[in-house]
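Following the hints, position chain H against chain S.
If you read the sequences in order, they're chains S and H.
For the first sequence, position 28 matches number 28 in the numbering used here, and the numbering has no gaps at all.
For the second sequence, position 356 matches number 356 in the numbering used here, and the numbering has no gaps at all.
Just so you know, the hints here were simulated from the structure itself, not pulled from any lab data.
All of these numbers come straight from a predicted model, not from anything done at the bench.
Possibly wrong hints are sitting among the right ones.
Identical copies carry no separate label here, and so any pair may be met within one copy or between two of them.
Quick list of in silico lysine-lysine cross-link-like pairs, DSS-like style, CA-CA up to 30 Å [stated by the list, open to error]: (1) K308 to K282; (2) K11 to K212; (3) K324 to K27; (4) K108 to K98; (5) K324 to K165.
Protein chains: 2
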Amino acid sequence: MNIEEMGKRAKAAAALTANLSTDLKNKVLRDAAGMLLAASGDLIHENQHDREHAQEKGISEGLLDRLTLTDDRIRGMAEGLRQVASLDDPIGNVSEMKRRPNDLLIGKMTVPLGVIGVIYEARPNVTSDVFALCFKTGNVSILKGGSDAINSNRAIVAILRRALKQNGVPVDALQLIEDTSREATREFMHLNRYVDLLIPRGGAGLIAAVVKEATIPVIETGTGNCHVYVDETADLGMAVNIIFNAKTQRIGVCNAEESLLVHRDIAGQLLPKLEEKLKEKKVELRADEAAAKFLTNSVPATEEDWGKEYLDYILSIKTVTSLKEAVDHINRYNTGHSEAIVTTNYEHAQQFLRDVDAAAVYVNASTRFTDGFEFGFGAEIGISTQKLHARGPMGLDALTTYKYIIYGNGQIRS
Amino acid sequence: MNIEEMGKRAKAAAALTANLSTDLKNKVLRDAAGMLLAASGDLIHENQHDREHAQEKGISEGLLDRLTLTDDRIRGMAEGLRQVASLDDPIGNVSEMKRRPNDLLIGKMTVPLGVIGVIYEARPNVTSDVFALCFKTGNVSILKGGSDAINSNRAIVAILRRALKQNGVPVDALQLIEDTSREATREFMHLNRYVDLLIPRGGAGLIAAVVKEATIPVIETGTGNCHVYVDETADLGMAVNIIFNAKTQRIGVCNAEESLLVHRDIAGQLLPKLEEKLKEKKVELRADEAAAKFLTNSVPATEEDWGKEYLDYILSIKTVTSLKEAVDHINRYNTGHSEAIVTTNYEHAQQFLRDVDAAAVYVNASTRFTDGFEFGFGAEIGISTQKLHARGPMGLDALTTYKYIIYGNGQIRS
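Looking at chain S on its own, in the form it has when it is part of the complex:
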């Protein structure tokens, strides 16, 4: 099917899914969970084709691992569908209803965005995750998964569409672009007439390519060059704990710490303790000159290090002489993700919260908490590092918009 036709079908389906009852949406999600489990064998079989092709192409071990479906992973996908079913439905709520001087009642009703396009890499589990979040919010989705996962995705989508069909919901509430050519992807990114939002999910390269090419509005979910700043009044034990956690608890994630800023007055007390602790995980330290003096083992940090998202057991360390210098450095090099201060000073805490420009700004806590589940949203479609529409962890609410509804009794404008 051509891309334009898919857009048309999606738009038509969106008019019908926008106002499905919550009960029906939840039933579809729970049915789909059961059907995925029942089809585990088939899914693993289809996935085997993908893995063979990918191995012939010689993809990396990491990518191959992400591509692989196992019984366990399929159970995880089913569990994800059920979890989304258990969340509150955000659609159709009315808020801020106010009476105007002319007696008009004006309020905001949450509604779906409409048609959401998602472009992602060869990770078949994303297919059911994205469907669940979009469908629960009354949206229709058009998915473009990595070409290496095409057989797996086709099989998963077929099952999800069967769950829609058996509940009387238009199957075009979920469509997969099977044409994995560049031209098809390009056409997809220009489908403004039918697609309301495009979300790229994947590495920095994929995201940059989509932002550059797409004419549809895009939400960037992104990279994290996160800092912890230890000010001169910090509790040292707390600082070491937070840095150890933010840096090493999971290194490959966007909310991990990549850089440490430390006030010069406390560097001599903090750094030796910290180095001792970070040795447990063999963290490489890249330090400026002033910091290096207090470390037994470090390499000199270069300008490039300040802007780097290592996603590895590496930490850059910079000394500063004031809160302002720390904030300026962060606002210059950060990626708008998560930033933390460790302090006991009230005024410093408030200033840091106010002045740092990032999606999530912490006092005395690890940056690792920036996550839809940790924030209590019950789900997450990504972490937005841009400022429009949604910032930070995006839960179901981020997939909704609103319309104004107005109750009148004959008002005309004079």
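Here is chain H on its own, set in the frame of chain S:
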């Protein structure tokens, strides 16, 4: 100055304007108002140059009128600045602060978007309007006005920057792109590194061009193909009043009615009365066959009419046999702006509110109320017809975003 350098300066200024006190921001706006009034003579003189060049080029009367500055219009600009000064400052408010199970306190703080680019046509009054809204919300603005107004804009911006300077605010909080070449505009639309949001203000052509070219996120403010649907239970007098108001109170605006839908069962009663009333304004009626039977003077409507924004004394009229047919027609042809039903039936009213996909959906009121002032926002930067970030009339809130602020006491993630 080159565009890239302007972006850099804007970004640097934005870090400083983000947290200005409300009192200082208001003082700048009030000072600027006084300074514009004091400089009326100079402004009109500069504007005269623009008008002469424009006349040599042979621009239309309408465009020339929009380009023209008079004492009255300058008073209007000053009044606009003072009005924005009198509005509540939306920046720095914290909402939804919740305690998580691990004792983290997580809330949302409103913050400026950062750097806002605005591309508009040759209307010098927009220059001060946009500055006021952006500055009040702590944002920095880069303006690209129509080349025909360059002398006027340069003079206005010089005054506004003086108001900034005398209050110790970085003058780069407002910058005007003086290079009116296509290349400069193109470069501006790709300044993702420095500009957070681009708002095109002007006709459909300008907006479409910006959406197509820009890689910066764009908010479309737009066109309105607005409908009024009169259902079979409507109060006829109310229906005639609302249609007369929505169609003729001001024809050149995006919230004016362009198309009437009428239930077949009431067409015979409504249309003769309506035709009589619309004669007062010599409104041309373009009707489908069923409607034409009840009209003494109409031309046949074509397919093209259903999608047309006339901005003129023309109304298309279509009969329908059900609420569903009306809603389907609206959702097919509307531009996501404003839609109204006239009815006395409770269930029809609720269904219409729920099922119509538009920024503002009315029961028993004129579509002409879709406006930031009528909605009680006290200001308006445009009416968004898209779904991301802001929908409908955009007041000061639409120029803000939020960050999560998190108060901890040493929490780490396990």
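Quick one: K308 to K282, C-alpha cut-off 30 Å, is that within a copy, between copies, both, or neither? within (19 Å within a copy, 67 Å between copies)
At most 30 Å between alpha carbons: which applies to K324 and K165, within, between, both or neither? Classified as between: cross-chain Cα gap 23 Å, same-chain 58 Å, threshold 30 Å.
Same-copy or cross-copy closeness of K324 to K27 [CA-CA at most 30 Å]: For K324 and K27, only the inter-copy Cα distance (26 Å) is at most 30 Å; the intra-copy one is 53 Å.
Are the CA atoms of K11 and K212 at most 30 Å apart within a copy, between copies, both, or neither? This pair counts as both: shortest intra-copy Cα distance 25 Å, inter-copy 21 Å.
With identical chains treated as interchangeable, where does the CA-CA distance between K108 and K98 reach 30 Å or less: within a copy, between copies, both, or neither? Both: 10 Å inside a copy, 23 Å across copies.
When the structure is compared with the earlier hints, no violation turns up for any of them.
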